[in-house]
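Asks: Here is how the chains run, residue by residue.
There are 2 protein chains.
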Amino acid sequence: MITVLSGGTGTPKLLQGLKELVNPEDLTIIVNTLENDYFSGVYVSADIDTVLYTMSDMINDELWYGVKNDTFITHERLEEIGCSELLRIGDIDRATKIQKTQLMKKYGLTKAVEIQAEKMGIKSKIIPMSDENSDIKIITDIGELEFHDFLIKHQSQPEVLDVKFSKVKPADDIIDAIKNSRAVIIGPSNPITSISPILSLDGVRDALKEAYVIAVSPIIGNDSVSGPASKFMRALGIDVSSVGVASFYEDFLDNIVIDIKDEDKKIEVNQIVNKVIVTNTIMNNLDAKKNLAEIIINSIP
Amino acid sequence: MITVLSGGTGTPKLLQGLKELVNPEDLTIIVNTLENDYFSGVYVSADIDTVLYTMSDMINDELWYGVKNDTFITHERLEEIGCSELLRIGDIDRATKIQKTQLMKKYGLTKAVEIQAEKMGIKSKIIPMSDENSDIKIITDIGELEFHDFLIKHQSQPEVLDVKFSKVKPADDIIDAIKNSRAVIIGPSNPITSISPILSLDGVRDALKEAYVIAVSPIIGNDSVSGPASKFMRALGIDVSSVGVASFYEDFLDNIVIDIKDEDKKIEVNQIVNKVIVTNTIMNNLDAKKNLAEIIINSIP
Chain A
69 MITVLSGGTG TPKLLQGLKE LVNPEDLTII VNTLENDYFS GVYVSADIDT
119 VLYTMSDMIN DELWYGVKND TFITHERLEE IGCSELLRIG DIDRATKIQK
169 TQLMKKYGLT KAVEIQAEKM GIKSKIIPMS DENSDIKIIT DIGELEFHDF
219 LIKHQSQPEV LDVKFSKVKP ADDIIDAIKN SRAVIIGPSN PITSISPILS
269 LDGVRDALKE AYVIAVSPII GNDSVSGPAS KFMRALGIDV SSVGVASFYE
319 DFLDNIVIDI KDEDKKIEVN QIVNKVIVTN TIMNNLDAKK NLAEIIINSI
369 P
Chain B
69 MITVLSGGTG TPKLLQGLKE LVNPEDLTII VNTLENDYFS GVYVSADIDT
119 VLYTMSDMIN DELWYGVKND TFITHERLEE IGCSELLRIG DIDRATKIQK
169 TQLMKKYGLT KAVEIQAEKM GIKSKIIPMS DENSDIKIIT DIGELEFHDF
219 LIKHQSQPEV LDVKFSKVKP ADDIIDAIKN SRAVIIGPSN PITSISPILS
269 LDGVRDALKE AYVIAVSPII GNDSVSGPAS KFMRALGIDV SSVGVASFYE
319 DFLDNIVIDI KDEDKKIEVN QIVNKVIVTN TIMNNLDAKK NLAEIIINSI
369 P
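Residue numbers (this note's numbering), protein chains in the order written: chain A, 69 to 369; chain B, 69 to 369.
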């Protein structure tokens, strides 16, 4: 079994490569749930849905959000009648969210996602990091913002001063999944808002210390490949570089993949992590995704 | 001012005629809310939405439910993923329901409908009978059923033994609307499940006794023009005929319109209600709707 810790953009790209190489039954994906919230009467778990759509080949992989070729009839009508949605929810995507909301009320989030994954023909195990409702606030130079307000309404523009998030209980199977894996892959997701919430769950860091953990740096040079990761790292006083990423995961990391453009940082990173792989980490097509996935899989002892 | 008491099918047909004849600002429509309930995370007030769509020329007037030429992308996807919706909610229609749910939480149902009506360019006043959540149960030969289960899931097939509904507080403007009207029109809606809930509100019957009230019988011969009205009347021991309708409204009714096919009942109905108009009440095209509306308007003293 291989377990992947995932957020919503960088790691799903890697999953597209991994799913071509690894027997789907041998893949478990633990997904961040921290930004989950209700919008338009439905529960939106953006990262989980992105992973569900990625694993079922439905993902809109230009936006890494929502369903490929979806329509937006309800969304556009809401705008017309003066009730704009903050999130651009497509008509097919809305069905996923309606179903999840109903299943959650009956069974909790973990079971809801399990049922949805099965309906979508996904053979890998997708586990939300927690069944509990959580909350994340971004403290910025223009005040305290909800995560989606920061990301969408304010287009990640404000300066980030701090990030606060609520402590939640890990979902039942998470610690076991990590313990029973021959390797845990930390995808190139935002270390602060996507991976750190998973790491903060009781027992996860201890389990990772016992596991073989390999991370892909989401930082190349001094900036994030996508999204506002660098902004968040800077706010928390973490060096925005593959060196900073290595330090952030230092206590449990066995292996890190950094980009060829960071070749010059290899020695410094190597002082923090035992094994460093330097390769192309820009996954702009399926071959690149498969290549990176293959390098990762082959590096597992 | 003319006030109309409305359910979801017969009366909206009449409204299509009335809105061509009466200055829209001079029309108030009090709408049944008894079957309102949450479906797929949104508040569904079927009769109110039918009236909103009727007054804004958006109604699907084949089904008297939902929006003309709507698409059903979310609805069909829900079915595909094993989460069928009991109500067939279209994509445009869903936006109405999402907006109403959000506005309701902030302002209550009356204000929510007022805002939606304004957004749809409706100049008439549409008032839900109550801002309170209500409940209706149909007691049948196969057990106690929710209204929509009876109507849709069981296609109104079971024998009705009784109807139970919760007592709710009338919305603020209802009694005033009745008092300030030169006539109240009770449309050809189901007397038991659509009109009776409005009549049961505190103060409504007393206000109607003071008003000029004209009803259109939804029964021709011994059957309802549409829907299961006859079934409900029979269950409550009311004669299924225009005579029965007249008796049901007897204590406040000044004038009743019965169908030409019920010509032979005119004398009997006249023993119950002072004035009886015999005319075509089948509204199968706009001319028929306008004709009936005109006859009603002209009969008001």
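Since the hints were made in silico from the structure, they are not lab data. Predicted model, so just to flag it, every value in this text is computed and none were measured. Don't be surprised by glycine CBs; every beta carbon is placed ideally from N, CA and C. Take the hints with a grain of salt, since some may be wrong.
[To be verified] Which residues of chain A face chain B? A partial, calculated answer using Cβ under 8 Å: (1) Asp159; (2) Asn352; (3) Ala356.
[Said to hold, decoys possible] The calculated lysine-lysine pairs, modelled on BS3-like cross-linking and capped at a C-alpha distance of 27 Å, are: (4) B:Lys232 with B:Lys334; (5) A:Lys173 with B:Lys174; (6) B:Lys187 with A:Lys221; (7) A:Lys173 with B:Lys205; (8) B:Lys334 with B:Lys358; (9) B:Lys205 with B:Lys187; (10) A:Lys173 with B:Lys358; (11) B:Lys205 with B:Lys235; (12) A:Lys174 with B:Lys205; (13) A:Lys174 with B:Lys358; (14) A:Lys174 with A:Lys193; (15) A:Lys205 with B:Lys173; (16) B:Lys174 with A:Lys205; (17) B:Lys205 with A:Lys221; (18) B:Lys277 with B:Lys343; (19) B:Lys179 with B:Lys221; (20) A:Lys187 with A:Lys205; (21) A:Lys193 with A:Lys221; (22) A:Lys193 with A:Lys277; (23) A:Lys358 with A:Lys334; (24) A:Lys173 with B:Lys136; (25) B:Lys205 with B:Lys191; (26) B:Lys221 with A:Lys187; (27) B:Lys173 with A:Lys221; (28) B:Lys205 with B:Lys232; (29) A:Lys247 with A:Lys205; (30) B:Lys187 with B:Lys235; (31) B:Lys193 with B:Lys221; (32) A:Lys174 with B:Lys173.
Asks: Decide, hint by hint, whether the structure agrees.
Replies: Hint check:
{"no.": "1", "hint": "Asp159", "result": "4 Å, holds"}
{"no.": "2", "hint": "Asn352", "result": "30 Å, violated"}
{"no.": "3", "hint": "Ala356", "result": "32 Å, violated"}
{"no.": "4", "hint": "B:Lys232 with B:Lys334", "result": "32 Å, violated"}
{"no.": "5", "hint": "A:Lys173 with B:Lys174", "result": "23 Å, holds"}
{"no.": "6", "hint": "B:Lys187 with A:Lys221", "result": "24 Å, holds"}
{"no.": "7", "hint": "A:Lys173 with B:Lys205", "result": "24 Å, holds"}
{"no.": "8", "hint": "B:Lys334 with B:Lys358", "result": "23 Å, holds"}
{"no.": "9", "hint": "B:Lys205 with B:Lys187", "result": "33 Å, violated"}
{"no.": "10", "hint": "A:Lys173 with B:Lys358", "result": "48 Å, violated"}
{"no.": "11", "hint": "B:Lys205 with B:Lys235", "result": "13 Å, holds"}
{"no.": "12", "hint": "A:Lys174 with B:Lys205", "result": "23 Å, holds"}
{"no.": "13", "hint": "A:Lys174 with B:Lys358", "result": "50 Å, violated"}
{"no.": "14", "hint": "A:Lys174 with A:Lys193", "result": "20 Å, holds"}
{"no.": "15", "hint": "A:Lys205 with B:Lys173", "result": "24 Å, holds"}
{"no.": "16", "hint": "B:Lys174 with A:Lys205", "result": "23 Å, holds"}
{"no.": "17", "hint": "B:Lys205 with A:Lys221", "result": "44 Å, violated"}
{"no.": "18", "hint": "B:Lys277 with B:Lys343", "result": "15 Å, holds"}
{"no.": "19", "hint": "B:Lys179 with B:Lys221", "result": "32 Å, violated"}
{"no.": "20", "hint": "A:Lys187 with A:Lys205", "result": "33 Å, violated"}
{"no.": "21", "hint": "A:Lys193 with A:Lys221", "result": "33 Å, violated"}
{"no.": "22", "hint": "A:Lys193 with A:Lys277", "result": "22 Å, holds"}
{"no.": "23", "hint": "A:Lys358 with A:Lys334", "result": "23 Å, holds"}
{"no.": "24", "hint": "A:Lys173 with B:Lys136", "result": "33 Å, violated"}
{"no.": "25", "hint": "B:Lys205 with B:Lys191", "result": "34 Å, violated"}
{"no.": "26", "hint": "B:Lys221 with A:Lys187", "result": "24 Å, holds"}
{"no.": "27", "hint": "B:Lys173 with A:Lys221", "result": "23 Å, holds"}
{"no.": "28", "hint": "B:Lys205 with B:Lys232", "result": "5 Å, holds"}
{"no.": "29", "hint": "A:Lys247 with A:Lys205", "result": "31 Å, violated"}
{"no.": "30", "hint": "B:Lys187 with B:Lys235", "result": "31 Å, violated"}
{"no.": "31", "hint": "B:Lys193 with B:Lys221", "result": "33 Å, violated"}
{"no.": "32", "hint": "A:Lys174 with B:Lys173", "result": "23 Å, holds"}
Consistency note: the structure conflicts with the earlier hints numbered 2, 3, 4, 9, 10, 13, 17, 19, 20, 21, 24, 25, 29, 30, 31.
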